[in-house]
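Visitor: Chains as they are written, first to last, in this note's numbering: chain D, 1 to 285; chain W, 1001 to 1287.
Derived from the structure by calculation, the hints contain no laboratory data.
Because the structure is a prediction, the values reported are computed rather than measured.
Accuracy of the hints is not assured; some may be wrong.
[Said to hold, decoys possible] Using 27 Å as the maximum straight-line C-alpha spacing, the simulated DSSO-like pairs for lysine-lysine come out as follows:
(1) W/LYS1282 - D/LYS178
(2) W/LYS1179 - D/LYS271
(3) W/LYS1065 - W/LYS1086
(4) D/LYS178 - D/LYS195
(5) D/LYS220 - W/LYS1145
(6) D/LYS271 - W/LYS1282
(7) W/LYS1230 - W/LYS1195
(8) D/LYS220 - W/LYS1131
(9) D/LYS231 - D/LYS214
(10) D/LYS210 - D/LYS222
(11) D/LYS59 - D/LYS222
(12) D/LYS210 - W/LYS1023
(13) D/LYS271 - W/LYS1131
(14) D/LYS194 - D/LYS222
(15) W/LYS1023 - D/LYS140
(16) D/LYS178 - W/LYS1028
[Said to hold, decoys possible] Only part of the chain W face toward chain D is listed, based on derived beta-carbon distances under 7 Å:
(17) ALA1071
(18) PRO1178
(19) HIS1204
We treat Cβ as the ideally placed atom computed from N, Cα and C, and that holds for glycine.
Read off the chains here:
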Amino acid sequence: MAIIKTEDLTYVYGENTPFRKVAVDNVNLEIESGEMVGLIGHTGSGKSTLIQHFNGLLKPNSGSVYIDGEKLWDDKAKLRPIRFKVGLVFQYPEYQLFEETCYKDIAFGPKNMGLDNAEIDRRIKEVAKMVGIGSDILDKSPFELSGGQKRRVAIAGVMAMEPQVLILDEPASGLDPKGRDQILGLIKEYHQQKKNTVILVSHSMEDIAKHTTKILVMNKAKLFCYDDTVKVFHRAAELEEMGLAVPQITRVFNRLRAMGIGFDDDVYTTKYAGELMLRLLSKRK
Amino acid sequence: MSFIHIKGLEFSYVNEFEEPPVKNTVLKGIDLDIEKGEFVAVLGHNGSGKSTLAKCINAINLPEKGEVSVAGLDTINEENLLPIRKRVGMVFQNPDNQIVATIVEEDVAFALENLGVEPSEIRRRVDEALKTVGMYEYRMHAPHKLSGGQKQRVAIAGVLAMEPECIVLDEPTAMLDPKGRSEVMKTIKMLNKEKGVTIVLITHYMEEAAQADRVVVIDGGEKIMDNVPKKVFSQVDLMRSLGLDVPQVTEIADFLHKQGYDISSEIITEDECVQALYELLKEQTGK
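Given these sequences and hints, build the entire structure.
Guide: Dropping the structure here:
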């Protein structure tokens, strides 16, 4: 069953004002449970507006959203448990850290869920290990940490709520390549361990290519497509037209194909490109 | 003397709240000379000292030891502050933090008004700066309604209107989508090539650094490398060990090179990569 489903979802900012803007336009979408989904789209395409519907932060102007089969907004009292099901990590989540210690900060979400202390403690230890935050750091103030550490603590705070869906808006932005690989690597590991649904919003096509199996493309408030990663990057020309891109390595191999080098593979990671080159070269020896 | 001259630069942040105060030395003796009209990219992992260095160039940070001068003006001398800041403009990562007005053209005019430039001259410079970055048609728009790439170009226009000789950009594309990123990069390159503006670009995107004339790598507050892009990026293992990366095209060329194939390890652009891979595959087929 689809964990997230939208029907004719439309959201308008500034309705009845001269600044009226349709941010999400008639989106129909079904995301199956357990997927690792990349969400891409140009700035202003409606990505952030869309994900804020998934845990009831925004109420659709028309259409509906279903989480795990349950329709949002029918009964306002039911929103709270749904918000626990869908964890949202905003851009630059480290700005949201506020507690005296990292431990307390991570505990904030689980505590609000009404869990008992033993369970909270278990979860904190589990997620701290997952994001590579040692027990010595847990007792420190989050403000003593480096940028990358802070971000990992912030993400741990959402993971500790064990949401069925974890949505991360640009979790690697502003980090150097090593920090970026660390964060994305741990998110992938979390996904593989927990088999939960993960939605990763990113502007880096290289990162999306490396870490996701499905891609959801938003363009000018509309859903352009939702398909397998390989198939989406296959539509390079269309993506470029809408202000997106494909990974550099994909462009290289598309050009080689156009120059008459024969291969059927869609290349979107350097690892795969390496394997393909070795195969092509050995075949031709 | 070079346009930007940095010699033996040391800089520390001091945490006064600790007892005794804790000193964190971020720059540990940097030597760097940048000539007029150069396009230099600065790379380094988070916390390596890149941004601190950038802020030393237009006298936001003053050297603790060593010297920094711009067009022969020493930053340590307070009288030079205004002339230096007129020559060196800065653009930061988050466009929302550097836009102050509610209308695009007013934002671009902000610095000029503060400098007491003639109104007619302000008009001319604002129009020209907005045309240069391709935002002229948006001059009456509200900045917060623009896309990230557009906002960042407005921020660049605001700096351009001051007619600086040099622009220092601190991760200007970090928050932008691919289109915004390429808009900003095109603008930067155009300013450098056509208007002769000296560019210092701090970035985490290796593909962007590959477009510069020269790449400087900072690690632990020291300059580790300073060379043309292909000489820097061809050191794939060293770059990785510094927590950095190389463009994907360099990665594949390096991989094949290490496998013993006859391919240059100094490939940094898409065109070079396509050509080299094509040659390799063609040779093997014996076409």
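Visitor: Each hint: holds or not?
Guide: Do the hints match the structure? See the list:
1. W/LYS1282 - D/LYS178: 36 Å, violated
2. W/LYS1179 - D/LYS271: 26 Å, holds
3. W/LYS1065 - W/LYS1086: 24 Å, holds
4. D/LYS178 - D/LYS195: 25 Å, holds
5. D/LYS220 - W/LYS1145: 15 Å, holds
6. D/LYS271 - W/LYS1282: Judged against 27 Å, a Cα distance of about 22 Å means the pair holds.
7. W/LYS1230 - W/LYS1195: Status holds; Cα separation ~25 Å.
8. D/LYS220 - W/LYS1131: 25 Å, holds
9. D/LYS231 - D/LYS214: 9 Å, holds
10. D/LYS210 - D/LYS222: 25 Å, holds
11. D/LYS59 - D/LYS222: Answer holds: D/LYS59 to D/LYS222 is near 17 Å, not above 27 Å.
12. D/LYS210 - W/LYS1023: 40 Å, violated
13. D/LYS271 - W/LYS1131: At roughly 43 Å apart (the allowed maximum being 27 Å), W/LYS1131 and D/LYS271 break the hint.
14. D/LYS194 - D/LYS222: Given that 27 Å is the threshold and the Cα spacing comes to 31 Å, the pair is violated.
15. W/LYS1023 - D/LYS140: Status holds; Cα separation ~20 Å.
16. D/LYS178 - W/LYS1028: Distance ~23 Å between D/LYS178 and W/LYS1028 Cα, so the pair holds.
17. ALA1071: 31 Å, violated
18. PRO1178: With a closest approach of 4 Å, the W/PRO1178 hint holds.
19. HIS1204: Interface hint status for W/HIS1204: holds (5 Å vs cutoff 7 Å).
Of the numbered hints listed earlier, those contradicted by the structure are 1, 12, 13, 14, 17.
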